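Using the sequences and the hints given, assemble the complete structure.
Going down the list, the sequences are from chains E and V.
The numbering of the first sequence is the working numbering, which starts it at 1 and goes up by one.
The numbering of the second sequence is the working numbering, which starts it at 326 and goes up by one.
Everything labelled a hint here was simulated from the structure, so no lab data went into it.
Treat the hints with care, as some may be off.
A few chain V residues that don't get close to chain E, going by computed Cβ distances all over 10 Å [what the hints assert, rightly or not]:
id	residue
1	Asn394
2	Leu410
3	Ile415
4	Ala436
5	Gly461
6	Gly475
7	Gly492
8	Gly564
9	Val593
10	Gly623
Straight-line alpha carbon distances no greater than 30 Å define the calculated DSSO-like cross-link-like pairs of lysine-lysine that follow [to be verified]:
id	chain 1	residue 1	chain 2	residue 2
11	V	Lys616	E	Lys150
12	V	Lys616	E	Lys156
13	E	Lys154	V	Lys390
Ranges between beta-carbon positions, derived for each pair [as the list claims (entries may be wrong)]:
id	chain 1	residue 1	chain 2	residue 2	range
14	E	Phe231	V	Val496	48 to 54 Å
15	E	Ala228	V	Glu523	29 to 35 Å
16	E	Ala171	V	Gly384	35 to 41 Å
No experiment lies behind these values; they were computed from the predicted model shown.
Glycine residues also receive a C-beta, built at the ideal position from the N, C-alpha and C atoms.
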Amino acid sequence: MAERIDEEVQVVYKNPKPLFGIIKRRPKYDEEGHLIYYKKKKLFKYNRVNRSFGGDLTMFAFLLIAGAFMAFPLVYAISQSLKPLHELWLFPPNLIVKNPTFKNYIDLFNIMSNSLVPMSKYLFNTIFITLVGTLLRTISASMCAYPVSKRQFKGKNFIFQIVTLSLMFAAPAATIANYIIMANLGWIDTYYAILIPALGNSTAMYLVKQFIDQFPDSVLEAARIDGAGEFRIFWQILMPSIKPAWMTLIVFAVQDFWNMGSTIFIYREELKTLAYALSQIAAAGIARAGVSTAVSIVMMIVPVITFVITQSNILETMSTSGMKD
Amino acid sequence: MKNKTSSLAKKKKFENLDLIVFLGPFLVTFFTFTVLPVFISLFISLTNFNMLEMPEFVGLANYQKLFLNDDIFATALQNTFILALVTGPISYIICFGLAWLINEVPAKPRAFLTLLFYAPSLSGGFGFVWQLLFSGDRYGYINGLLLNLGVITDPILFLKDPNYMFGVCVVIVLWQALGTTFLTFIAGLQTVDRSLYEAAAVDGIKNRWQELYFVTLPSMRGQLLFGAILNVTGSFGIGSVITAVFGFPTTDYALHTIMHHLDDYGGVRFEMGYACAIATLLFVISFTMNKLFQFVLGRIGK
Numbered sequence: 001m002a003e004r005i006d007e008e009v010q011v012v013y014k015n016p017k018p019l020f021g022i023i024k025r026r027p028k029y030d031e032e033g034h035l036i037y038y039k040k041k042k043l044f045k046y047n048r049v050n051r052s053f054g055g056d057l058t059m060f061a062f063l064l065i066a067g068a069f070m071a072f073p074l075v076y077a078i079s080q081s082l083k084p085l086h087e088l089w090l091f092p093p094n095l096i097v098k099n100p101t102f103k104n105y106i107d108l109f110n111i112m113s114n115s116l117v118p119m120s121k122y123l124f125n126t127i128f129i130t131l132v133g134t135l136l137r138t139i140s141a142s143m144c145a146y147p148v149s150k151r152q153f154k155g156k157n158f159i160f161q162i163v164t165l166s167l168m169f170a171a172p173a174a175t176i177a178n179y180i181i182m183a184n185l186g187w188i189d190t191y192y193a194i195l196i197p198a199l200g201n202s203t204a205m206y207l208v209k210q211f212i213d214q215f216p217d218s219v220l221e222a223a224r225i226d227g228a229g230e231f232r233i234f235w236q237i238l239m240p241s242i243k244p245a246w247m248t249l250i251v252f253a254v255q256d257f258w259n260m261g262s263t264i265f266i267y268r269e270e271l272k273t274l275a276y277a278l279s280q281i282a283a284a285g286i287a288r289a290g291v292s293t294a295v296s297i298v299m300m301i302v303p304v305i306t307f308v309i310t311q312s313n314i315l316e317t318m319s320t321s322g323m324k325d
Numbered sequence: 326m327k328n329k330t331s332s333l334a335k336k337k338k339f340e341n342l343d344l345i346v347f348l349g350p351f352l353v354t355f356f357t358f359t360v361l362p363v364f365i366s367l368f369i370s371l372t373n374f375n376m377l378e379m380p381e382f383v384g385l386a387n388y389q390k391l392f393l394n395d396d397i398f399a400t401a402l403q404n405t406f407i408l409a410l411v412t413g414p415i416s417y418i419i420c421f422g423l424a425w426l427i428n429e430v431p432a433k434p435r436a437f438l439t440l441l442f443y444a445p446s447l448s449g450g451f452g453f454v455w456q457l458l459f460s461g462d463r464y465g466y467i468n469g470l471l472l473n474l475g476v477i478t479d480p481i482l483f484l485k486d487p488n489y490m491f492g493v494c495v496v497i498v499l500w501q502a503l504g505t506t507f508l509t510f511i512a513g514l515q516t517v518d519r520s521l522y523e524a525a526a527v528d529g530i531k532n533r534w535q536e537l538y539f540v541t542l543p544s545m546r547g548q549l550l551f552g553a554i555l556n557v558t559g560s561f562g563i564g565s566v567i568t569a570v571f572g573f574p575t576t577d578y579a580l581h582t583i584m585h586h587l588d589d590y591g592g593v594r595f596e597m598g599y600a601c602a603i604a605t606l607l608f609v610i611s612f613t614m615n616k617l618f619q620f621v622l623g624r625i626g627k
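Below, the structure is given as structure tokens:
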């Protein structure tokens, strides 16, 4: 784009044509004849070029309608979980609950407090797996992605190609072989079977690598000349700049580990997770129809909170990054 | 002089050392738990193995049976291809389209909209909502509505009648489409260098569509590729969503996919050799489709 000849730029910008006749303001030029700012009427007050009022409006309306469709089952599930028993089986059904009650949730907690292994144990297990698993997966993937993206060494392309290839293998298809490996390592019925493979998550590595690729080499070079070691470059320069990447990773990881129910690797009851325990409670059929709706809402709380926190962080990061090559 | 080379060599050695720390944890676990299983299942696919007795080598017999003697696999193959070719491209376009539209909105409403659209993936198990909606008796919401409006006289078995199952399945899959790919696109759009847009405006880009094609798409080729790979692999590995709503197995195998066939032999019948042959074939299909898609994607914005 930089190679464009000057005349062309001037032809385009000395006679800007209004789109659909919306823009009535005359363009302003500085003393050398360059366009200063071409102001359009905008729906949103933020700094972007090339946006029209009509386009923004249409887009926003469309998003709201599509959003309503997407949110429907969610809203419905929440409403369902607040329904008293007689309203659950009402015909014709109420979309939104008429007499909201927390009875389903109270029932759920009553059942939980009567379980054989205390619920707090399941909760602790899930929190432990989620925290450690997420940490291991995110850090290990980012650490591997940095050299593969930005440094020169033998076998670099091979590593990346094999990671790409592994993404095309539907993971459940390798379950059988994975079990055999875990059995040979003696890791069946331990958390090693869940946490150690988290270190080698190819999806995570690929994702971070794609983001690091966009990071300018010149910044890394400058840091090297200034005498920063590789670890320092990684932790203090690279990682803060690719925050959207690992924030996104965290969302995926928390979701995966938090929702992990029964696996083929864990048999002992006291090692099982909250998702497993709650799914067992919900599985009792019609008698627990109300409770099971409460279960699916309760399980959502942590992923939703993580999501909200990470997303707001992503938005913050973007305002600070303005580096270019 | 000699001194200098030795110090250089030392430095080189140290560099390799820190590479080991950077790459080690990932590579060791990746090769043990992702690459090795692929080779193991390749080997098992050439044997007769039931997890109890030692595997017995049978050569390509499993593949032979798969292609020549398994009618249900033929059905599964067909279903998977139709489902993947219908839902795959649509869900990819929806993911990018919505991510792009959401990115146009200012920060605060954007966060809210992202949550709204990502909610189906966050919730995971809302199978029961779909079962209520499409339930086959008159208590099913859609049936109830249609009966009350007088459109139909008998309730439709949406989840059991092969005539309707495909349509219902497509709706559900698309509803859940906004997952990993969507969120990656959202993050990717936010890392596109803002100054590129201003430069593009000076260079004569006039509206958001041109901006999309000439600036946005080329700058996030990495994320687009990532999304494509996940999407293709996910589309051909479809199975658990169907089981959650339609149960397993489905009526007349109307929604029986390759993944279901794999589960059937691996998890129910314990014919591991055969199951691994299915897994290998799924990998080959997924790989071929990915290469095809990457070829198309490589031409964007050029």
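Here is what the structure says about each hint:
1. Asn394: For asparagine 394/V, whose nearest Cβ neighbour in chain E is about 21 Å away, the distance exceeds 10 Å, so it holds.
2. Leu410: holds (17 Å)
3. Ile415: Check passes; 14 Å lies beyond 10 Å.
4. Ala436: violated (5 Å)
5. Gly461: Holds, since 15 Å exceeds 10 Å.
6. Gly475: holds (14 Å)
7. Gly492: The claim holds: glycine 492/V sits with its nearest Cβ about 16 Å from chain E, beyond 10 Å.
8. Gly564: At roughly 8 Å from the nearest Cβ of chain E, glycine 564/V sits no farther out than 10 Å, so the non-interface label is violated.
9. Val593: holds (13 Å)
10. Gly623: holds (14 Å)
11. Lys616/V with Lys150/E: Holds, at roughly 25 Å.
12. Lys616/V with Lys156/E: Satisfied, since the Cα-Cα distance of roughly 21 Å is no more than 30 Å.
13. Lys154/E with Lys390/V: violated (42 Å)
14. Phe231/E with Val496/V: 48 to 54 Å: Holds, at about 50 Å.
15. Ala228/E with Glu523/V: 29 to 35 Å: Given range 29 to 35 Å: holds, Cβ gap about 31 Å.
16. Ala171/E with Gly384/V: 35 to 41 Å: Since the Cβ atoms of alanine 171/E and glycine 384/V sit about 27 Å apart, the hinted range of 35 to 41 Å is violated.
Violated hints, listed in ascending order, are 4, 8, 13, 16; each of the other numbered hints is respected by the structure.
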